[in-house]
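Peer 1: Read off the chains here:
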Amino acid sequence: VQLVQSGTEMKKPGASVKVSCQTSGYTFTAYYVQWVRQAPGQGLEWVGWFNPNSDGTRLAPKFQDRVTLTGDTSIRTAFMEMRSLRSDDAATYFCARSEGDTTMLDSWGPGTLLTVSS
Amino acid sequence: DIVMTQSPLSLPVSPGETASISCRASQSLLHTSGYSFVDWYVQKAGQSPQLLIYMGSNRASGAPVKISGSGSGTDFTLTISRVEAEDVGVYFCMQALQTPLTFGGGTKVEIK
Numbered sequence: 033v034q035l036v037q038s039g040t041e042m043k044k045p046g047a048s049v050k051v052s053c054q055t056s057g058y059t060f061t062a063y064y065v066q067w068v069r070q071a072p073g074q075g076l077e078w079v080g081w082f083n084p085n086s087d088g089t090r091l092a093p094k095f096q097d098r099v100t101l102t103g104d105t106s107i108r109t110a111f112m113e114m115r116s117l118r119s120d121d122a123a124t125y126f127c128a129r130s131e132g133d134t135t136m137l138d139s140w141g142p143g144t145l146l147t148v149s150s
Numbered sequence: 615d616i617v618m619t620q621s622p623l624s625l626p627v628s629p630g631e632t633a634s635i636s637c638r639a640s641q642s643l644l645h646t647s648g649y650s651f652v653d654w655y656v657q658k659a660g661q662s663p664q665l666l667i668y669m670g671s672n673r674a675s676g677a678p679v680k681i682s683g684s685g686s687g688t689d690f691t692l693t694i695s696r697v698e699a700e701d702v703g704v705y706f707c708m709q710a711l712q713t714p715l716t717f718g719g720g721t722k723v724e725i726k
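As you go down the protein sequences, you meet chains A and B in turn.
Using the working numbering, the first residue of the first sequence is number 33, and each one after it goes up by one.
Using the working numbering, the first residue of the second sequence is number 615, and each one after it goes up by one.
Since the hints were made in silico from the structure, they are not lab data.
If you're wondering where the values come from, they're calculated on a predicted model, not measured in any experiment.
There's no promise every hint is true.
[Said to hold, decoys possible] Anything over 12 Å on all C-beta distances counts as not near chain B; from chain A, calculated:
1) Thr40
2) Met42
3) Gln54
4) Ser86
5) Glu113
6) Arg115
7) Ser116
8) Ala122
9) Ala128
10) Ser149
[Said to hold, decoys possible] Computed list of lysine to any residue pairs in SDA-like fashion (alpha-carbon distance at most 20 Å, straight line):
11) B:Lys658 with A:Gly73
12) B:Lys658 with B:Gly687
13) B:Lys658 with A:Lys43
14) B:Lys658 with A:Gln74
15) B:Lys722 with B:Ala677
16) B:Lys722 with A:Gly75
17) A:Lys43 with A:Asp87
No residue lacks a Cβ here, since even glycine has one placed at the ideal position from N, Cα and C.
Pulled out of the complex, with its shape left as it was, chain A reads as follows:
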């Protein structure tokens, strides 16, 4: 099982970013893709999940108006798009695999570092 994420992103406040999570080694549609972020030196914060089997999503309330989670089964890849970036969105964004919407995150990507600065 492997989750490979896109590289470091540097954005200005107000811009958008789209992070990818390419998976391999398992059936993409059989597992949810969870997104978790970690601000520098801080703890872990759940962003939401994407279900590749149904294209369903669920987001933490604070992200509902700015984040879109999608996927492309043909390339086994999940995406997280965040709009109207603010300085406090600067963090490492991880994707992770889970069997269900609220089950253990058993494999994680290496993370994508997002910096937001004018």
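With the hints as your guide, set chain B onto chain A.
Peer 2: Just chain B, lined up with the frame of chain A:
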């Protein structure tokens, strides 16, 4: 949202000793299945988190046998026996009972 409170924040441990980390949930994590939906992760320097324990006490594939999880309801403990240098890292609990998934603040385990 379910609040997860971990203690201590920092845990210096002598080699060979046992480390215990506590995690308390703001409400019961007991699922109708009978399992408590709490997981434990470790994040080593420069790495992504990795799963150690799921549903309270089940060791994940590849997790060392010396790591164990216990507890039920709202109070949970992660125990690391015979601590050695490779156990250094930040340990997080996470509740998987409902969304939003929420994490404890983390416990930094270091060698004395």
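Peer 1: For every hint, state whether the structure bears it out.
Peer 2: Okay, the hints, checked on the actual structure:
No Cβ of chain B comes within 12 Å of the Cβ of A:Thr40; the nearest lies about 14 Å off, and the non-interface call holds. Every CB of chain B is more than 12 Å from the CB of A:Met42 (nearest about 20 Å), matching its label as outside the interface. In this structure A:Gln54 is separated from chain B by more than 12 Å, as the shortest Cβ-Cβ distance comes to about 15 Å. Its beta-carbon lying about 16 Å from the closest one in chain B, A:Ser86 satisfies the requirement of being farther than 12 Å from that chain.
Residue-level check passed: A:Glu113 sits 19 Å from the nearest beta carbon of chain B, beyond 12 Å. Listed as outside the interface, A:Arg115 is consistent with that label: its C-beta sits roughly 20 Å from the nearest C-beta of chain B, beyond the 12 Å cut-off. The Cβ of A:Ser116 sits about 20 Å from the closest Cβ of chain B, beyond the 12 Å cut-off, so the non-interface label holds. Residue-level check passed: A:Ala122 sits 18 Å from the nearest beta carbon of chain B, beyond 12 Å.
Look at A:Ala128: its CB is around 8 Å from the nearest CB on chain B, not clear of 12 Å, so calling it non-interface is violated. Consistency note on A:Ser149: stated as away from chain B, and its beta-carbon is indeed over 12 Å from all of that chain's, at 22 Å minimum. For a cut-off of 20 Å, the pair hint linking B:Lys658 to A:Gly73 stands: about 13 Å separates their Cα positions. About 28 Å separates the Cα atoms of B:Lys658 and B:Gly687, which puts this hinted pair outside 20 Å; it is violated.
Among the hinted pairs, B:Lys658 with A:Lys43 is inconsistent with the structure: their alpha-carbon atoms are about 27 Å apart, more than 20 Å. Taking the CA atoms of B:Lys658 and A:Gln74, the gap is about 14 Å. The hint holds against a cut of 20 Å. Between the alpha carbons of B:Lys722 and B:Ala677 the distance comes to roughly 18 Å, so the proposed pair stays at or under 20 Å and holds. Between B:Lys722 and A:Gly75 the CA atoms are separated by roughly 11 Å; this keeps the pair inside 20 Å, and the hint holds.
Of the supplied pair hints, the one linking A:Lys43 and A:Asp87 is violated, its CA atoms being roughly 27 Å apart against a limit of 20 Å.
Taken one by one, the earlier hints fail for this structure at numbers 9, 12, 13, 17, listed in ascending order.
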